[in-house]
Amino acid sequence: MKTTLRTMLGATALAAFTTAAIADTTLTIATVNNGDMIRMQGLTDDFKAKNPGIELEWVTLEENVLRTRVTQDVATKGGQFDVMTIGTYEVPIWGKQGWLVSMNDLPASYDVDDLLPAIRGGLTVDGELYAAPFYGESSMVMYRADLMEKAGMEMPDAPSWHFIRRAAAKMTDKEEGIYGVCLRGKAGWGENMAFLTATANSFGARWFDEEWNAQFDSPEWKEALTFYIDMLTAYGPPGASSNGFNENLALFQQGKCGMWIDATVAASFVTNPKDSTVADKVGFALAPDNGLGKRGNWLWAWSLAIPAGTDDEDAAKKFVAWATSKEYLALVAENEGWANVPPGTRTSLYENAEYAKVPFAQMTLDSINAADPTAPTVDPVPYTGVQFVAIPEFQGIATAVGQQFSAALAGQTSVEDALANAQKLTTREMKRAGYMK
Amino acid sequence: MARAISPRRKALNTAIAWTIGIMIFFPILWTFLTSFKTEAQAIADPPVWFLFDWTTENYTTVQERSNYFRHFWNSVVISVGSTIIGLAIAIPAAWSMAFVPSKHTKNILMWMLSTKMLPPVGVLVPIYLIFRDLKLLDTQFGLIIVLTLINLPIIVWMLYTYFKEIPGEILEAARMDGASLRSEVLYILLPMAVPGIASTMLLNIILAWNEAFWTLNLTAAKAAPLTAFIASYSSPEGLFYAKLSAASTMAIAPILIMGWFSQKQLVRGLTFGAVK
Chain V
1 MKTTLRTMLG
11 ATALAAFTTA
21 AIADTTLTIA
31 TVNNGDMIRM
41 QGLTDDFKAK
51 NPGIELEWVT
61 LEENVLRTRV
71 TQDVATKGGQ
81 FDVMTIGTYE
91 VPIWGKQGWL
101 VSMNDLPASY
111 DVDDLLPAIR
121 GGLTVDGELY
131 AAPFYGESSM
141 VMYRADLMEK
151 AGMEMPDAPS
161 WHFIRRAAAK
171 MTDKEEGIYG
181 VCLRGKAGWG
191 ENMAFLTATA
201 NSFGARWFDE
211 EWNAQFDSPE
221 WKEALTFYID
231 MLTAYGPPGA
241 SSNGFNENLA
251 LFQQGKCGMW
261 IDATVAASFV
271 TNPKDSTVAD
281 KVGFALAPDN
291 GLGKRGNWLW
301 AWSLAIPAGT
311 DDEDAAKKFV
321 AWATSKEYLA
331 LVAENEGWAN
341 VPPGTRTSLY
351 ENAEYAKVPF
361 AQMTLDSINA
371 ADPTAPTVDP
381 VPYTGVQFVA
391 IPEFQGIATA
401 VGQQFSAALA
411 GQTSVEDALA
421 NAQKLTTREM
431 KRAGYMK
Chain U
1 MARAISPRRK
11 ALNTAIAWTI
21 GIMIFFPILW
31 TFLTSFKTEA
41 QAIADPPVWF
51 LFDWTTENYT
61 TVQERSNYFR
71 HFWNSVVISV
81 GSTIIGLAIA
91 IPAAWSMAFV
101 PSKHTKNILM
111 WMLSTKMLPP
121 VGVLVPIYLI
131 FRDLKLLDTQ
141 FGLIIVLTLI
151 NLPIIVWMLY
161 TYFKEIPGEI
171 LEAARMDGAS
181 LRSEVLYILL
191 PMAVPGIAST
201 MLLNIILAWN
211 EAFWTLNLTA
221 AKAAPLTAFI
231 ASYSSPEGLF
241 YAKLSAASTM
251 AIAPILIMGW
261 FSQKQLVRGL
271 TFGAVK
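Listed in order, the protein sequences are those of chains V and U.
At position 375 of the first sequence the residue is numbered 375 (my numbering), and the sequence of numbers has no breaks.
At position 233 of the second sequence the residue is numbered 233 (my numbering), and the sequence of numbers has no breaks.
So here's chain V without its partners, still in its complex pose (with noise of 0.2 Å):
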C-alpha cells in the first residue's frame, strides 16, 4: 500500500513536473501585418490543441521595421525571436551566413516534395531548405474587363508589352478620371525597383554581367525604362512617382485604372467586393514580355524560418511545420473559405477541384511557374533572384538607384542622366563591397 502510494505521488510529482516543463515553452513569433498572417493568428487555437505547452507570442510589425528588427536580432544572436518571417531575398543571404536552422529533417508526413518548385529552389541554399513557405506570390496583370471590352480589345492570357501599351492608351479616359496603366512609381528597394528590376528581366536588361560590372548603360535598360516613363506619363495617373502598392491598390478599387500589373495578393482584394467597386470587372493575365524568352513578373515567399540558437528548436519546428502544412491549407478553407488560403506554396493546393475555383488561382500559379529565380534574366549573371539580388548589398544599392528613377518619372531628370547616375553609384558601391576590382 504504501509502495502504491509512494509511487502514485512520484508519478503525480514527475507527471506536474513534466507538464510544467512543457508548459515553458513559449514560442516568440515575428510576423508581418498582411491578411494571411493575421488568418494565421487567429488559427492556432488548433496547433495548441495538438501541442499542448507550447504557447504562442505574436510580435507583428510593419514588413519594414520587421525586416530591420529581425535583421539585427539574426546578426547579433539576440535571442529574441524562435520563428521569423522572412523573404525569399533573405533566405539565401542568411543561410550562406550560418544564422538559420536547416528545414532538411522536417517529417516525412509534411510532404516536401509538394512544394512549389521555384518556391522551394528559392528557399534552398546548397541542397538546404532554409525556410518553409507561408505564402508565395508572383506579378500579373490585374485588368477592367468592361473597360477592355468598351476599347474594343480582347486582353491574351500571356500580353506583350506593346499590347499593354495599346491597350492603356485606348483605356485612358482623362476627362473621366480614368487612367489606362497604373504602376509603381514610389522609390524603393521593395517598391518602384521590384517592379522595374522584373520589367528588365523582360526587356533583356540585368543588373550585372559575370563579373559582377553594372549594366545601366546597356541599351537594353535604357529601353525598358524609357518604355517604362512614357508609358506611365501618358496613360499613368497623376503622381505616379509617389505611387506604391497601396496607392494604386486604392486607385484600382475605386475604378480609376484600366490595369494595373502587381503582386498576385492584390487579386483577393480587387475581387472582394466589401472594399473593391469593380470586384466583379476585375480579369486575369501573366505580366507582360517582350519575345525574349523570359516575361516581367517577380516572385517572393513569405516564409517562417527559425534563427539558429534559439532554445526552443523542436518546438519552433513544429510550429512551422503545422502552418506550413497540407492540413493548415484544408483548416483556412474549412473556417474561411477557399479563396482566403495562403496561395502559392503548394502543387497538392492546385489540383484541388475546389481551389480550382476561385478566379485567380490559375493565374496566380502560372505567374509563379514563369519565374526562374535561379535563372532570372535573358543574358546569365552571377546571381539568384528575380525581382531582386541576392546579396546584402541589393536594399542600399536599389533604393538609391530607385530614387533615380522615380525622379525621373516625375520629371526632375533625364532617362539618361538617370541610368547614369545608377550606373556610378552601383559601381562605386561594387567596388567598396569588393565584388569587383
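There may be inaccurate statements among the hints.
[Said to hold, decoys possible] Taking CB as the label site, the calculated pair distances span: (1) E57/U / K77/V: 38 to 46 Å; (2) F52/U / D146/V: 23 to 31 Å; (3) M436/V / L134/U: 35 to 43 Å; (4) S160/V / F213/U: 42 to 50 Å; (5) D113/V / L129/U: 35 to 43 Å.
[What the hints assert, rightly or not] Mimicking BS3-like on lysine-lysine, the simulated pairs with C-alpha atoms at most 25 Å apart in a straight line are: (6) K281/V / K170/V; (7) K222/U / K318/V; (8) K48/V / K222/U.
Since the hints were made in silico from the structure, they are not lab data.
Just so you know, even glycine gets a beta-carbon here, dropped at the ideal spot from N, CA and C.
Fit chain U to the given chain V structure using the hints.
Then chain U, alone, in the frame of chain V:
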C-alpha cells in the same frame, strides 16, 4: 503699458492663430474620423468628411487582435518610470549647476545637449549588444534605463532654466537659518519650482510615451509599448488605414487626455520666466 491693438489686427491675429491651430490638429482629427470608417470609406476619393455610417467595427477588430492593455501598461510603466528616475537624477544636477556653478558648468550643459545631436541609429548596435549580454532586451527595466538616459539632457536643461529664476538669496537665508542641504532642496527649492518640475515631468512623459525608435528596436513581445502596437497595424501591402487609425487613436488617447487636463500646468511651466 500694453500697446493698444486695433480690433482689425486682433481679428487677423485670431484668424491666423486658429488656422495654425487647426492645421496642427488636423492630422489627429482625420485619424480620429478615419477610425470610424470602413476600409473602403477610408480611401474614398473625394474623401468623406462627417456624413458616413459611423462604425466601431475597427475598434472591435483591434481589441480582438491585440492585447491593448498589455501595451498600454508597458507604456505607462516605461514613461512614468523613466521620468521619475530622470527627475531624481536631474534635480540635484540642476541645483548644483544653477546655484553652485563652476567655470565648466556651461560646457557641461552644452556637452549634455550634444548627446542629443547624434542620430540614435548610430549607437543602436553597441546598445543592442550590451542589452543582449545584460539580458535587458525586451524588458521594461531596460527601456526605462534607455529612455531615462536619452531624455536626461532635456530634463536637466529645463530644470536648470527654472532654478536659475529662483533667487539664490532665498536658499542662502534658509541655510543661515540652519537648514541642511537636504531640507534646503526639499522644503525651499522644490515647492518654489513646482510649476517647472511639473511641466518638465509632463513633457518628459509625453516624450517617453511617443518614443518610437528604441521602444521598437529593443522590444519583442513582453515589454512592447503602444508604439509597437501601432506599428503592428501598418502595412505596405494592404489597405488597413481604418484599423491603423483606430489603433493610433487608442494609442494617443491616454496621453492626449492627460495633456488636456494638465495643459494649464504645462503652459504655465513652459512659459515660466519667459516674460520678465
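Now for the hints, and whether the structure bears them out:
1. E57/U / K77/V: 38 to 46 Å: Taking Cβ atoms as reference, E57/U and K77/V lie about 42 Å apart, which means the hint holds.
2. F52/U / D146/V: 23 to 31 Å: Given about 27 Å between the Cβ atoms, the range holds.
3. M436/V / L134/U: 35 to 43 Å: 42 Å, holds
4. S160/V / F213/U: 42 to 50 Å: 47 Å, holds
5. D113/V / L129/U: 35 to 43 Å: 41 Å, holds
6. K281/V / K170/V: Since the Cα atoms of K281/V and K170/V sit roughly 18 Å apart, the hinted pair holds (cutoff 25 Å).
7. K222/U / K318/V: 23 Å, holds
8. K48/V / K222/U: 20 Å, holds
Consistency with the previously given hints is maintained throughout, with no hint failing.
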